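Q: The primary structure of each chain is shown beneath.
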Amino acid sequence: MFLKIGIVLVGLLSVTPIMLFVERRGSALLQNRLGPNRFGPQGLLQSVLDVLKFIFKEDRAPGHVNKFYFSLAPLVVVVPALMTFAVIPFAGNDFIIANLDVGILYCFSIASLGVYGIIMAGWASNNKYSLLGSLRSSAQMISYELTLGLSIVGLIMIFQSVKLGDMVSAQGETLFSIGGIDVPKWGIFLQPVGFILFLVSSFAETNRLPFDLPEGEAELIAGYHLEYGSMRFALFMLAEFVSMTVASALLSTLFFGGWQYLPGFSWIAHLFSDGNIAVTYLVSTLLHGISFVIKIASFMWFFVWVRWTLPRFRFDQLMNFGWKVLLPLALLNVFVTGLLIYLGVL
Amino acid sequence: MPKCTIDGKEVEFKPGENLITVAKRAGVEIPVFCYHPGLSVVAQCRMCYVEIEKMPKLQTACSTNAAEGMVVKTQSDPVVKGRAGTMEFLLLNHPLDCPICDKAGECDLQDNSFGHGSANMRHTEERRTYVDVDMGPVIEKNMNRCIHCTRCIRFGEEVAGIHEMVAIQRGNNIDITTIDGNPLQTEYAGNYADICPTGSLTLRDFRFRKRAWMLKKTSTICEGCSKGCNMEIQHEGNVIYRCVPRENLEINKYWMCDEGRMNYHYTQDEKRILNPRSGATFIGWEDAIQTLKDQINEKPLTVLVGSDLTQQELENILEYTKNYHKGSSVYHFGTEGVFTSAQDLPVDKILKMKSKTSNLNGAEKLGIKSVQEMKSASDVVLVFAGGRANVQSVTKKLEGKKLIGIGVYSLNEAESFSMVLPSLSFTEKDGTIFNHQGIEQKLKRAIQPKNTIKAISEILMLTANKKVKVGAN
Amino acid sequence: MLAQRKTGFFNKFYLVEIIKGLMITMRNMLFAKRATIQFPEERRDYSEKFRGQHYIKSVNGVENCTACMLCPTVCPAECIHIVAGEREDKEKYPIKFEIDSLRCCFCGMCEEACPKDAIKLSNIYEMSQQNRTVYEKEFLLEQRGNK
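Chains as they are written, first to last, in my numbering: chain A, 1 to 346; chain B, 1 to 473; chain C, 1 to 147.
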């Protein structure tokens, strides 16, 4: 149990420095620049410097803030982001911190707690830009959580479970095979519309571009974390990267088979299965873990890629898009899926 | 009145006026070098060519008097060509050292060359050069730049009354110099620099200190003597660089003496007291005013006012003593030996007057008696002085008394005072003064007062107030 | 208000356009030439006309400048301060010639106004300093120019 918690916590916390580097170098490369490449090979140690800077900077709260909530807010943002991972199986169904019956619902409920931290930060900063940022954030979260929830209703209907472990296991089956290549029963093949809806909403939920209105530099300077500096700001950053990771993990769990082998991995697992059950188990677990990490990593890269490609939405466009396009589509998706199940197609 | 036509405009003139004066009235500028309204006409530079109908050749406007029905053209082709030719000849030997020359920016040769000359030079020969003579402490000479207009020679003869500049040699070797190369002796030498149309004669005092175009100009009155010559203070960045005379035909015509020209130096002297001083130490204004109040304490006082103060300051002092020190007696002082305007006689036949203070006439107009009539003095004596009044002549008389000086004092003068409160000099204040003829003229502030100097009116007001509170300066 | 563009329901997702955009950035990342100049190792080539750090041209150790003050007159930033003086071998020369490099806007008007070809702007553009720098006469007289 504690081993699993340890693995998850270490993994999630080490995501931040890695993502700092990826974000900076990646953004530079996507924009024909070079990015930080001086410290360490290819600038790999740049994030060490960043972290050191955050640690050694003066931790200062402006005089006009509400000190208690101002200090509390970063924690309230970080903790739910970390907690969400508890129900996600990351290397076989044994490697899950808490195999809750409510599964995915727990994810959503905890993730929606994160918005309280943002509102707290915006309000406690006693700054109109921060407050506007946090207001936008809450409006955006509420609007897109609806779609987020509805987009996976189809999946739940198909897999007949809300436990993530069951869902991942179910995705191990073969959907159909064309010329000897087995196409697995991954969520993306069953629910392509649901996948797109979930992807878009998870961008909004993690406050990433093109949905980073709560911190839009041009109009709100930096939104809710305007008054924050040093380690407190770093906590917000950490929360953003962790919730990105969780979103990626959910995306791969729900739609890309979670810890299920990537194509070709089963052949590697076959190489090591020499009859010894312990070795076979260890190898397969490791390979499951690696598959899962690769899936997450590619989604993380996708997040970065999108951030440095698309411009920010206008706020009214964001609301229109959420309520008038995504929500009806999600409802339609649920209806069509239900219809197909009733007809026995799925 | 007879009329003539200049460039198509009909102008009236008085018989005997030359064409330059008449044209100026018509708004037509005729370029000149040797002509100066205050000097005789020699028609030497040939720059003021004009075309007159029914005359076969171009005429010099300075030496041609206007006549009834005369039709003058100043912009016709022959005139333009003639001027360009004159300009070319004048510039044959003129060095191209405008960057070095102090005259640059206010130089007639520059202006006329730009306006009427050609941009190209045809002659390739070497320019002639001279070895310059020492012209004394006021004027620096550079003969290479000279265009032989002889304004300086005529000024010496006709205005300064001393024949010291001459033209020796002839033709290309002509040299304008002093007789036997002696230094200049006249006390009006500064005017040589003013009237010189090139940079041949320049002021030593102003040498390389600033360029002419950078200076801001404030029209004011000289306070060197009771003549009240009109002058212009030229300053930049709160520093005065020079004073030049202004035209006023009733008083000083176009001239000014060297004493008045260099008079401004004491206002920015290092030894001028710029902060309140008690004994030998400098103190703050609040302390100074408090000490002053404690010492004078509404008693009747003997008040001495310099006759170099403005009319307004004198009135302020009179009003203050009348209201706060009943029974006080006020006397004016200025130059030793000159106590009334009757004694104020001209020193020479040009400008200088005996009274070295500017407002002797004004002080008498206000009914202030001369310091000569002072029989006894109170223990504490207030001495107001504007900088020119001879303070030492009074301090000798009042030995043993406690002297409080208000005004412009140098460190040497301040030694005989128990306290000195600095006030404005003539460059830093507005006001009016009466000259020896009784003409009222206006002083104008040219620069901002330095340090914490306060006007006499402000010092008196602070002293009259019950509570001392000096605002930040 | 902006004119609303008519877009079809499916076009409202901009899905195709987004994918096109993503492809553009990816293509840039993989194939495009980097625009960055790695400064200390690589240096940008500037035009001969580039206006950089100032210097005063001198011939045989004597500065061309005659302190005519045309450059402070024409200077829009008022960053040039000259005090003129006289010495044996030169009638007029600058005793003090200071350029406040932080005030200077490198417009090159001084260079243009100079009648003696004295003040010049060189091609040197690495002028960072750790304190407010006023270029003194001695510094300006170093012949670092290329013009």
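Heads up, a few of these hints could be off.
Said to hold, decoys possible - Within a straight-line C-alpha distance of at most 27 Å, the following computed DSS-like cross-link-like pairs (lysine-lysine) qualify:
#	chain 1	residue 1	chain 2	residue 2
1	B	K217	C	K96
2	C	K96	B	K450
3	C	K20	B	K216
Claimed, not checked - Label pairs and their computed distance ranges (CB to CB):
#	chain 1	residue 1	chain 2	residue 2	range
4	A	A297	C	G21	19 to 25 Å
5	A	S71	B	K466	55 to 61 Å
6	C	I24	A	G275	31 to 37 Å
7	C	E48	A	S71	57 to 63 Å
8	A	D101	C	M23	40 to 46 Å
9	B	Y130	C	V62	22 to 28 Å
10	C	Y14	A	G275	50 to 56 Å
11	A	L262	C	G21	25 to 31 Å
12	C	G21	A	G11	30 to 36 Å
13	A	M231	C	I24	35 to 41 Å
14	C	M23	A	S138	31 to 37 Å
15	A	N37	C	L102	30 to 36 Å
Said to hold, decoys possible - Some, not all, of what chain C presents toward chain B, calculated at C-beta under 8 Å:
#	residue
16	T66
17	E86
18	R144
19	G145
The hints are simulated quantities; they were obtained by calculation from the structure and are not laboratory data. If you're wondering where the values come from, they're calculated on a predicted model, not measured in any experiment. The beta carbon of each residue, even a glycine, is placed where N, CA and C say it ideally should be.
Q: Hint by hint, note whether the structure agrees.
A: Hint by hint, here is what the structure shows:
For a cut-off of 27 Å, the pair hint linking B:K217 to C:K96 stands: about 26 Å separates their Cα positions. At roughly 24 Å between alpha-carbon atoms, C:K96 and B:K450 fall within 27 Å of each other, so this suggested pair holds. A threshold of 27 Å between alpha carbons decides the hint, and for C:K20 with B:K216 the separation of about 67 Å lies outside it, so the pair is violated. Hint check: A:A297 to C:G21, Cβ distance near 22 Å, so the stated range 19 to 25 Å holds.
For the pair A:S71 and B:K466, the beta carbons lie near 56 Å from each other, so the given range of 55 to 61 Å is met. A beta carbon spacing of about 52 Å between C:I24 and A:G275 contradicts the range 31 to 37 Å that was offered as a hint. One distance hint, 57 to 63 Å for the beta-carbon pair C:E48 and A:S71, holds here, with the actual separation near 59 Å. Checked against the hint of 40 to 46 Å, the pair A:D101 and C:M23 passes, with Cβ atoms roughly 43 Å apart.
For the pair B:Y130 and C:V62, the supplied restraint of 22 to 28 Å holds, since their beta-carbon distance comes to about 24 Å. A beta carbon spacing of about 54 Å between C:Y14 and A:G275 agrees with the range 50 to 56 Å that was offered as a hint. Separated by about 27 Å at the C-beta atoms, A:L262 and C:G21 satisfy the suggested range of 25 to 31 Å. Taking 30 to 36 Å as the suggested C-beta distance range, the pair C:G21 and A:G11 conforms, at roughly 31 Å.
The given range of 35 to 41 Å is respected by A:M231 and C:I24, whose C-beta atoms sit roughly 37 Å from each other. Roughly 35 Å separates the CB atoms of C:M23 and A:S138, a value that falls within the hinted 31 to 37 Å. Between A:N37 and C:L102 the beta carbons are some 31 Å apart, a value that agrees with the proposed interval 30 to 36 Å. The closest approach between the C-beta of C:T66 and any C-beta of chain B is roughly 5 Å, which is under the 8 Å cut-off, so the hint is satisfied.
Interface restraint check for C:E86: the shortest CB-CB distance to chain B comes to about 6 Å, inside 8 Å, so the restraint holds. Below 8 Å, beta-carbon pairs count as interface contacts, and C:R144 has none with chain B, the closest being about 24 Å; its hint is therefore violated. For C:G145, the suggested interface contact is broken, since its CB lies about 20 Å from the closest CB of chain B, more than 8 Å.
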